[in-house]
Amino acid sequence: MNLTRRQTIAGALGTAAALSLPGRLSAQTDQLLHASWGGGTGDTWTHSFATPYQEQSGTAVRVVEVPNPEAQFRAQAGAPQYHTGIGTFVQGVNLMRDDMLETFSIDELPAMKDIDEKYWLKTPDGRLAGVTPYFAYYGIAVNTNEASVDDFQSWKDLANEKWRGRLGMTRPIYLSTYDLTMFSIAAGGDEKNTAGGMELLTGMARNVLIVSNSLAQQNTMLERGEVAAMPFYSTRVWALNEAGVDYVKMVIPTEGSLLLPYAVFAPKGVKDREQVAEWLNFCASAKPQEEGMAYSGYIPANSNAVATDEIKAKLGMDYTDLRAKLYQPDWGYIAEHQKETVAAIDQMMSTL
1236 MNLTRRQTIA
1246 GALGTAAALS
1256 LPGRLSAQTD
1266 QLLHASWGGG
1276 TGDTWTHSFA
1286 TPYQEQSGTA
1296 VRVVEVPNPE
1306 AQFRAQAGAP
1316 QYHTGIGTFV
1326 QGVNLMRDDM
1336 LETFSIDELP
1346 AMKDIDEKYW
1356 LKTPDGRLAG
1366 VTPYFAYYGI
1376 AVNTNEASVD
1386 DFQSWKDLAN
1396 EKWRGRLGMT
1406 RPIYLSTYDL
1416 TMFSIAAGGD
1426 EKNTAGGMEL
1436 LTGMARNVLI
1446 VSNSLAQQNT
1456 MLERGEVAAM
1466 PFYSTRVWAL
1476 NEAGVDYVKM
1486 VIPTEGSLLL
1496 PYAVFAPKGV
1506 KDREQVAEWL
1516 NFCASAKPQE
1526 EGMAYSGYIP
1536 ANSNAVATDE
1546 IKAKLGMDYT
1556 DLRAKLYQPD
1566 WGYIAEHQKE
1576 TVAAIDQMMS
1586 TL
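So the sequence shown is numbered by our numbering: it starts at 1236 and just counts up by one.
Calculated directly from the structure, the hints in this document are not laboratory data. Some hints here could point you the wrong way.
Simulated crosslink set (DSBU-like; lysine-lysine; CA at most 35 Å straight-line) [to be verified]:
(1) K1506 - K1549
(2) K1506 - K1574
(3) K1503 - K1549
(4) K1560 - K1348
(5) K1574 - K1484
(6) K1353 - K1549
(7) K1560 - K1574
(8) K1574 - K1503
(9) K1547 - K1357
(10) K1574 - K1353
(11) K1427 - K1547
(12) K1427 - K1503
(13) K1357 - K1574
(14) K1484 - K1397
(15) K1353 - K1391
(16) K1506 - K1427
Take the sequences, apply the hints, and build the full model.
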């Protein structure tokens, strides 16, 4: 993969201290650097998080678009250039396990109290290695000019040979994390019991027209009808719909879709640590998350965020009903076994 405000937000959080003292902040630095993926994600962070934060704190956050924020953190270990960055939950877990992230107490990030603990990036001793600004979900995107949404009411439908040469698919690093998990659920297993899921994934792989490394290419394939369907991200379909491509629909199969929490974290040894904590706390609060939802379809993690009638109409439900349809796996287990799972998928695909 887009108040004096201080009093307003502080009231929403119930903690004015967490978002105060712009004079003190200017004594540290007048700009934070936040690493983000490019395109819509970078735009969302500038519009919905960085700009409002500067308005309420007086401190600028410059969003720097990079191909992979995690890779930047690893390349700059010991001499971090960025104050914070966005990543997937698996990337956050891996960085945390490699002792590359700054950690914080819940008292430093009090807005996290309004986010379900199952969405926390947390160390074994209970410290927070980042905050959860939002989530997306991974379901099945269907071009309704080429197929019906009723054709894909189960993840198993992607393995039906009637779709030979008509599906799209991403690369093994994501298949191992996302697709295999949901195929395993559909087969009666889970992320720890994937034998049945691998069989279904093999069936889908036989039906695939092309394995794409590019989200832009996957967008194009769906928009042009080069593929009838593929597992895809809710935010990407949201963007297509907002651009007028209303014939691409997102389907949540009967087994559910995969909940994809994202994390914002700081590199170990980050400068201006106290100011970084205030910025992270802002990212965990409801108001910017509501802005991110309206701007690009990222679903708020903060339980105080409110869906407008317009948002409910676009989602087809409210946040509570949506969360009930999404599966939250053990991301720690997935991260721990990712290399061997990718190798198994590579081996499977080489035999097709």
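Results for each hint:
1. K1506 - K1549: Given pair K1506, K1549 is violated - Cα atoms ~41 Å apart, limit 35 Å.
2. K1506 - K1574: 32 Å, holds
3. K1503 - K1549: 39 Å, violated
4. K1560 - K1348: 23 Å, holds
5. K1574 - K1484: Judged against 35 Å, a Cα distance of about 32 Å means the pair holds.
6. K1353 - K1549: 26 Å, holds
7. K1560 - K1574: 28 Å, holds
8. K1574 - K1503: 24 Å, holds
9. K1547 - K1357: 31 Å, holds
10. K1574 - K1353: Given that 35 Å is the threshold and the Cα spacing comes to 24 Å, the pair holds.
11. K1427 - K1547: At roughly 34 Å apart (the allowed maximum being 35 Å), K1547 and K1427 satisfy the hint.
12. K1427 - K1503: 31 Å, holds
13. K1357 - K1574: 22 Å, holds
14. K1484 - K1397: 20 Å, holds
15. K1353 - K1391: Roughly 28 Å between the alpha carbons, so the hint for K1353 and K1391 holds.
16. K1506 - K1427: Since the Cα atoms of K1506 and K1427 sit roughly 39 Å apart, the hinted pair is violated (cutoff 35 Å).
Hint violations for this structure: numbers 1, 3, 16, all remaining hints satisfied.
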